[in-house]
Amino acid sequence: MTAPAANSTTRLDLDGERQTPYRRTLARLLGYALPYRRRLALAVFTTLISSGAVVALPWTVRLAIDGQTTPGESSLAGLAGAVGLFCVVAVVRFAASLHQRRAMVVIGESVILDIRAHLMGHLQRLSVSFYDRNQVGRVMARVEGDVEQVGEAVFILALSSANFLSVIGIAVAMLLMDAVLGAATLALVALLIPMLAFWRRFAHGPMRRARETSASVNSSVQENVAGIRVVQSLNRQRQNTREFGRVNEENLDALLRSARYRYGLWPTVEAMSSFAIAVVVFVGARTAGATEVGLIVAFALYAERLFEPVRDLTGEFGQLTRALISADRIFEILDVRPDVAAAPGAIALPPAAGRVRYENVSFHYDPEVPVLKGIDLDVEPGETVALVGPTGAGKTTFVSLLMRLYDATEGSVSIDGHDLRELRPDSLSRQIAMVPQEPFLFSATVSENIRHNRTDLTDAEVVGAAKAVGAHEFIVRLEDGYDTALEERGANLSIGQRQLISFARALARDPRVLILDEATANVDTETELRIQQALAELLRGRTSFVIAHRLSTVRNADRILVMDGGRIVEQGAHDELLANKGLYHRLHAQSGYTPSS
0 MTAPAANSTT RLDLDGERQT PYRRTLARLL GYALPYRRRL ALAVFTTLIS SGAVVALPWT
60 VRLAIDGQTT PGESSLAGLA GAVGLFCVVA VVRFAASLHQ RRAMVVIGES VILDIRAHLM
120 GHLQRLSVSF YDRNQVGRVM ARVEGDVEQV GEAVFILALS SANFLSVIGI AVAMLLMDAV
180 LGAATLALVA LLIPMLAFWR RFAHGPMRRA RETSASVNSS VQENVAGIRV VQSLNRQRQN
240 TREFGRVNEE NLDALLRSAR YRYGLWPTVE AMSSFAIAVV VFVGARTAGA TEVGLIVAFA
300 LYAERLFEPV RDLTGEFGQL TRALISADRI FEILDVRPDV AAAPGAIALP PAAGRVRYEN
360 VSFHYDPEVP VLKGIDLDVE PGETVALVGP TGAGKTTFVS LLMRLYDATE GSVSIDGHDL
420 RELRPDSLSR QIAMVPQEPF LFSATVSENI RHNRTDLTDA EVVGAAKAVG AHEFIVRLED
480 GYDTALEERG ANLSIGQRQL ISFARALARD PRVLILDEAT ANVDTETELR IQQALAELLR
540 GRTSFVIAHR LSTVRNADRI LVMDGGRIVE QGAHDELLAN KGLYHRLHAQ SGYTPSS
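Numbering (numbering that gives the first Met the number 0), first residue to last: 0 to 596.
Bear in mind the hints are in silico, worked out from the structure with no lab data behind them. Backbone N, C-alpha and C define an ideal beta-carbon position, used for all residues, glycine too. Take the hints with a grain of salt, since some may be wrong.
[Stated by the list, open to error] Here are the simulated EDC-like pairs of lysine to aspartate or glutamate, each with C-alpha atoms no more than 16 angstroms apart in a straight line: (1) K372 to D425; (2) K372 to E358; (3) K372 to D563; (4) K580 to E569.
[What the hints assert, rightly or not] Label pairs and their calculated CB-CB ranges: (5) A26 to D377: 49 to 57 angstroms; (6) E525 to E151: 53 to 61 angstroms; (7) D377 to E460: 27 to 35 angstroms; (8) C86 to E248: 16 to 24 angstroms; (9) R488 to G416: 33 to 41 angstroms; (10) Q589 to R132: 31 to 39 angstroms; (11) A443 to T408: 14 to 22 angstroms; (12) A443 to P337: 20 to 28 angstroms; (13) A572 to D406: 29 to 37 angstroms.
Turn these sequences into a full structure, and let the hints guide you.
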């Protein structure tokens with residue numbers, strides 16, 4: 000189940016202040032409950048019964064008391080009947096409440112599952128630029144904390160509905176029983192309406208701020224734990240702890256401000272409840288006859304029961320407000336449209352020869368800072384192109400456009416004459432593979448990591464890919480060979496071993512275009528030699544782009560592109576570029592030069 004998007008945008012600032020009307024957020028949230036309409040109908044039915052029982056209980060007490068005005072056998076029989084009726088109503092209320100709560104728990108947990116699945120699928124489709132702009136910790140705070148908060152909203156709505164129906168039923172019963180006493184009591188309840196309106200006006204900001212600062216705390220923890228090696232190598236533990244303490248104090252301050260609003264109404268409702276009971280007893284004692292003691296007692300019970308759901312509603316209103324704020328924060332992400340998406344009428348890329356063309360391509364992350372400027376390039380099928388240049392030259396961005404992780408700001412990138420924007424992204428990814436500088440392995444077996452999204456590969460094909468890159472020898476020495484379970488990010492392997500598996504994963508897909516983004520930067524000399532021995536065969540017949548870290552790869556390329564300031568300033572073979580005495584010659588002459596991306 001997916002709820003319709005509202006106010007869709009291509010950008011999101013997780014620090015921004017969005018305030019969607021509660022009714023719109025609530026309507027979208029309820030859309031997730033519609034698939035469970037049968038359980039929802041059961042919950043509504045049992046809520047009506049439970050609320051009716053709440054209203055009926057004080058009435059049976061009145062019948063029991065007023066039936067004892069004259070002693071005798073008949074009055075005792077009447078008392079027994081009233082007590083029996085009271086017990087029946089109490090049992091009905093218990094059974095109805097039990098079934099109502101069970102139904103709402105199932106609906107609430109199901110809604111959590113659906114929202115989390117919808118959110119996860121959406122996050123997988125969002126463009127890389129979304130993650131460039133937003134911290135992972137803040138995103139995770141919404142996936143985890145906000146989704147759990149929203150799950151509570153379904154249960155709170157059920158309780159609020161029951162309490163609201165109880166208030167309406169009690170109000171009607173009080174007016175029918177005694178119009179004067181009923182009006183006097185309900186007048187006190189009416190005073191709460193402007194209080195709630197005032198509370199809602201000022202409570203939203205502090206409550207949203209509390210959720211945002213909690214996300215900042217989660218983000219800080221995630222960042223420091225993920226980068227613990229860098230933190231300890233730079234001896235930044237104390238500084239990071241101080242910075243975390245500042246973020247934590249901001250969260251505490253926001254939570255305390257929010258708590259003032261969350262709990263401010265409760266004492267007010269308690270005081271008004273006590274005052275209402277005093278009014279009922281005082282007015283009732285002065286106006287009721289001697290035979291109407293049951294009426295006064297029933298009214299006192301009604302007054303107490305009237306303010307009990309009202310009191311609960313005030314607390315639930317605060318919980319519901321926080322839940323709706325969390326829902327709005329989730330819908331903020333769901334409303335973000337990917338910057339890179341399939342265009343209407345997009346076609347599947349046919350089996351590609353691998354002809355790549357960049358035509359007047361420019362690109363920027365920030366409109367004020369261009370990264371690529373007027374790139375024109377034609378690459379023939381099977382050609383190996385190396386990219387070198389100083390840091391920030393635009394090399395990784397260059398190949399990212401080919402992967403269509405981003406779209407060119409100006410100009411076009413095409414494969415075999417097909418503009419990438421006219422192709423279905425899934426068909427493009429099947430024919431392009433990339434090996435990044437930092438290999439990312441999943442918490443799965445070695446075999447599953449090599450297969451990845453090619454689950455149709457046979458064991459022989461998996462082994463063949465591993466042998467081609469020289470990974471087979473160390474894999475078979477692992478405890479369970481290809482069935483060895485890898486830890487998070489492949490932490491139980493060396494960096495070189497992780498990179499070799501990353502190579503095998505790319506090659507198992509048999510891509511027509513292969514991108515190596517400094518893929519040998521983190522391997523030792525011996526491992527690099529094994530990779531170099533395989534590269535000649537692996538690159539044969541494939542169009543390849545190699546961002547060079549070590550010049551051994553550059554020397555063997557069909558063409559070398561020298562980039563600087565977002566432009567291609569030189570191109571040619573290794574010896575030709577050295578003879579030109581240009582930037583490539585200067586970089587090559589630098590001792591230990593290793594171009595970085």
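Hints that the structure is at odds with (numbers, increasing)
Hints 1, 8 and 11 not satisfied by this model.
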